[in-house]
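Novice: Here is what each chain is made of, one letter per residue.
There are 2 protein chains.
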Amino acid sequence: MIGFGTVGQGIASVLMRKDLGLTITAIADSRSGLMRDDGVDLAGVLERKRGGFVVGDVGISPMDVVKRGEYDLLVEVSPTNIQTAEPAATFIREAISRGKHVVSSNKGPIALHLKELRRAALSHGVQLRYEATVCGAIPIMHVLEEGLRGNSVKSLHGVLNGTSNFILTRMAEEGLTYDQALAEAREMGVAEADPTYDVKGIDAAIKLVILSNTIWETDLRLEDVVVTGIDQITPDAIRLSEDEDATIRLIAEAIPERGICRVTPRLIPRNHPLVVNGTLNAITLTTDLAGALTFVGKGAGSIETASAVIGDILHIKERYARGA
Amino acid sequence: MIGFGTVGQGIASVLMRKDLGLTITAIADSRSGLMRDDGVDLAGVLERKRGGFVVGDVGISPMDVVKRGEYDLLVEVSPTNIQTAEPAATFIREAISRGKHVVSSNKGPIALHLKELRRAALSHGVQLRYEATVCGAIPIMHVLEEGLRGNSVKSLHGVLNGTSNFILTRMAEEGLTYDQALAEAREMGVAEADPTYDVKGIDAAIKLVILSNTIWETDLRLEDVVVTGIDQITPDAIRLSEDEDATIRLIAEAIPERGICRVTPRLIPRNHPLVVNGTLNAITLTTDLAGALTFVGKGAGSIETASAVIGDILHIKERYARGA
Numbered sequence: 074m075i076g077f078g079t080v081g082q083g084i085a086s087v088l089m090r091k092d093l094g095l096t097i098t099a100i101a102d103s104r105s106g107l108m109r110d111d112g113v114d115l116a117g118v119l120e121r122k123r124g125g126f127v128v129g130d131v132g133i134s135p136m137d138v139v140k141r142g143e144y145d146l147l148v149e150v151s152p153t154n155i156q157t158a159e160p161a162a163t164f165i166r167e168a169i170s171r172g173k174h175v176v177s178s179n180k181g182p183i184a185l186h187l188k189e190l191r192r193a194a195l196s197h198g199v200q201l202r203y204e205a206t207v208c209g210a211i212p213i214m215h216v217l218e219e220g221l222r223g224n225s226v227k228s229l230h231g232v233l234n235g236t237s238n239f240i241l242t243r244m245a246e247e248g249l250t251y252d253q254a255l256a257e258a259r260e261m262g263v264a265e266a267d268p269t270y271d272v273k274g275i276d277a278a279i280k281l282v283i284l285s286n287t288i289w290e291t292d293l294r295l296e297d298v299v300v301t302g303i304d305q306i307t308p309d310a311i312r313l314s315e316d317e318d319a320t321i322r323l324i325a326e327a328i329p330e331r332g333i334c335r336v337t338p339r340l341i342p343r344n345h346p347l348v349v350n351g352t353l354n355a356i357t358l359t360t361d362l363a364g365a366l367t368f369v370g371k372g373a374g375s376i377e378t379a380s381a382v383i384g385d386i387l388h389i390k391e392r393y394a395r396g397a
Numbered sequence: 074m075i076g077f078g079t080v081g082q083g084i085a086s087v088l089m090r091k092d093l094g095l096t097i098t099a100i101a102d103s104r105s106g107l108m109r110d111d112g113v114d115l116a117g118v119l120e121r122k123r124g125g126f127v128v129g130d131v132g133i134s135p136m137d138v139v140k141r142g143e144y145d146l147l148v149e150v151s152p153t154n155i156q157t158a159e160p161a162a163t164f165i166r167e168a169i170s171r172g173k174h175v176v177s178s179n180k181g182p183i184a185l186h187l188k189e190l191r192r193a194a195l196s197h198g199v200q201l202r203y204e205a206t207v208c209g210a211i212p213i214m215h216v217l218e219e220g221l222r223g224n225s226v227k228s229l230h231g232v233l234n235g236t237s238n239f240i241l242t243r244m245a246e247e248g249l250t251y252d253q254a255l256a257e258a259r260e261m262g263v264a265e266a267d268p269t270y271d272v273k274g275i276d277a278a279i280k281l282v283i284l285s286n287t288i289w290e291t292d293l294r295l296e297d298v299v300v301t302g303i304d305q306i307t308p309d310a311i312r313l314s315e316d317e318d319a320t321i322r323l324i325a326e327a328i329p330e331r332g333i334c335r336v337t338p339r340l341i342p343r344n345h346p347l348v349v350n351g352t353l354n355a356i357t358l359t360t361d362l363a364g365a366l367t368f369v370g371k372g373a374g375s376i377e378t379a380s381a382v383i384g385d386i387l388h389i390k391e392r393y394a395r396g397a
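Line order of the protein sequences matches chains A and B.
So for the first sequence, this note's numbering puts the first residue at 74; every next one is plus one.
So for the second sequence, this note's numbering puts the first residue at 74; every next one is plus one.
Source of the hints: derived by calculation from the structure; they are not laboratory data.
Mixed in with the good hints, there may be bad ones.
Heads up, the list lumps identical chains together, so a pair's fine if it works in one copy or across two of them.
In silico DSS-like pairs for lysine-lysine, Cα to Cα no more than 27 Å straight-line [what the hints assert, rightly or not]: (1) K91 - K227; (2) K390 - K227; (3) K140 - K390; (4) K140 - K227; (5) K140 - K273; (6) K273 - K173; (7) K91 - K273.
In this text the structure is predicted, and so the values were computed from the model without any measurement.
Here chain A stands alone, though its shape is the one from the complex (with noise of 0.2 Å):
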């Protein structure tokens, strides 16, 4: 595993709750690395990163462990770069060419370099999955494979940044100012202090890159993308919604039959599905057969979306599993 952030530290946590029948070799942050062919002992390495203390001997990098461990699986949760998708892509490039299979969380690596990526996977007849890089703990990726099969997939709209829903909630529900709101959801944890990407639409925008191509197979970039935020909304334009018995909410949408892709606020009724409150995560996919089907859930969150990722290296373990 590399990264020890939220994500780590929470499939680490499930890990040592709950017997998956997996065992964790290596852990790699930026500051240390630690490899234990038996398995890491999770209990001190959580103590140890929650006590502010380096996880591992120092001496050993995230390379390191991934050019030298020993693993059948690569777990590559370190934090998003969003310009250059390093150091993450280098690794899972890396573990893929060792034959190893790999579940990120990482959204940089993905949005930039699926198709790279998945070529390289499939060259080296190993699975790379990405379930948590998109709405949180919503298995969207596993619907998209598994349970829509027969149909197209039309259009997608999708709530899929919590921080933006979280911000137009409070504003609507307490006809708080936009600066307000903002202050509410830093204090709250829910906003980070420079909330550029969150509340600009650009987070949510990388999503609409990442479900596009899985879905299309397209090779969308984040340029290609019309990107509104936010953080321009007045409290004076949700009042005007609410008397149409509607609301403000940032929506992704992709409609590739009509060119369109992009992230913009929308005022939609309020008793529309994807209208979801605080930070959960709403996705609608339009299909020819099934029809409109909305999924919600949780965005974010320690546990959720490790659930994710976990779900993600089950799924591999039952099928392609040596030996399985």
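Once you have looked at the hints, place chain B on chain A.
Specialist: Below, chain B alone, put in the same frame as chain A:
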């Protein structure tokens, strides 16, 4: 394929317009049957059915097809008989004993005999799938099997009956009485001439039994579900709920830890994800890791239900077909 009503015709029309690599070698309904090892002429069969003619040879019964037909997989889409599950249960048992996979949209056999049929399928090395029995187009069974690996489901709450939901929606939107809304539902083809099963909560209870027995591998029976319908709901009750920014929905819920298994009208905040309008279905699963996940989609319809049946067929084809 046994049964050629709404679902069967939906399947036939999808197979006519999409090449999914499937061949229907026999069709039978209560009036006649037809066997063509190289593939039934679906256009002709649909035309005869829609013209009110028999689809095949009146000398060929469904049981003839099940027992003597050449097929890999039985598609059982005949009408539900919730008292005895017959004759569908016998067709399914017979097909399984012949070593054939089974996909069914028929709630009778699955609600009454799931454990027995599963065991039979297991011992004959075949698959039994029934996505279409609950929540129409929502791929809830696939989500349970594939999307929530590593999770334990703690409870489920659902709006599982589209007719009741339509009536409650119209009562709230237009201030109609129950009888007025029911009359409208009948006119629109949303309610049957005898709406008892829908409005008394029995249809929802049947689906709750199927979902519960699938998730928790229990042996729950319809009699174990506490059921209250919507036919006693007054416009006053709905008006009162609206004063609290809530509404009334017929909720099916199962919480095994608390011994709860019931279908009953409940007051729910209007912004709750389960508050869907019209004939939509919705289901919330509460899990230990992924938190609460809600799925919304069309609960009925010819093509939507066909989508669920076809998804099951393709699932089996990809993984278990001879030579796959």
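Novice: Are the hints correct? Go through all of them and say.
Specialist: Structure-based check of each hint:
With identical chains, the CA atoms of K91 and K227 are at most 27 Å apart between copies only, with a shortest distance of 15 Å across copies and 39 Å within one. In this assembly of identical chains, K390 and K227 lie within 27 Å of each other by CA distance solely across copies; the values are 24 Å between and 32 Å within a copy. Taking CA atoms no more than 27 Å apart as the test, K140 paired with K390 passes inside one copy only; the shortest distance there is 21 Å, against 39 Å between copies. Taking the shortest alpha-carbon separations for K140 and K227, neither the intra-copy value of 41 Å nor the inter-copy value of 40 Å comes in at or below 27 Å.
Taking the closest pair of Cα atoms, K140 and K273 never come within 27 Å of each other, the shortest separation being 37 Å inside a single copy and 63 Å across copies. Taking the shortest Cα distances, K273 and K173 never come within 27 Å of each other, neither inside one copy (36 Å) nor across copies (55 Å). Proximity of K91 to K273 under the C-alpha cut-off of 27 Å is found in neither arrangement, the shortest distances being 38 Å within a copy and 41 Å between copies.
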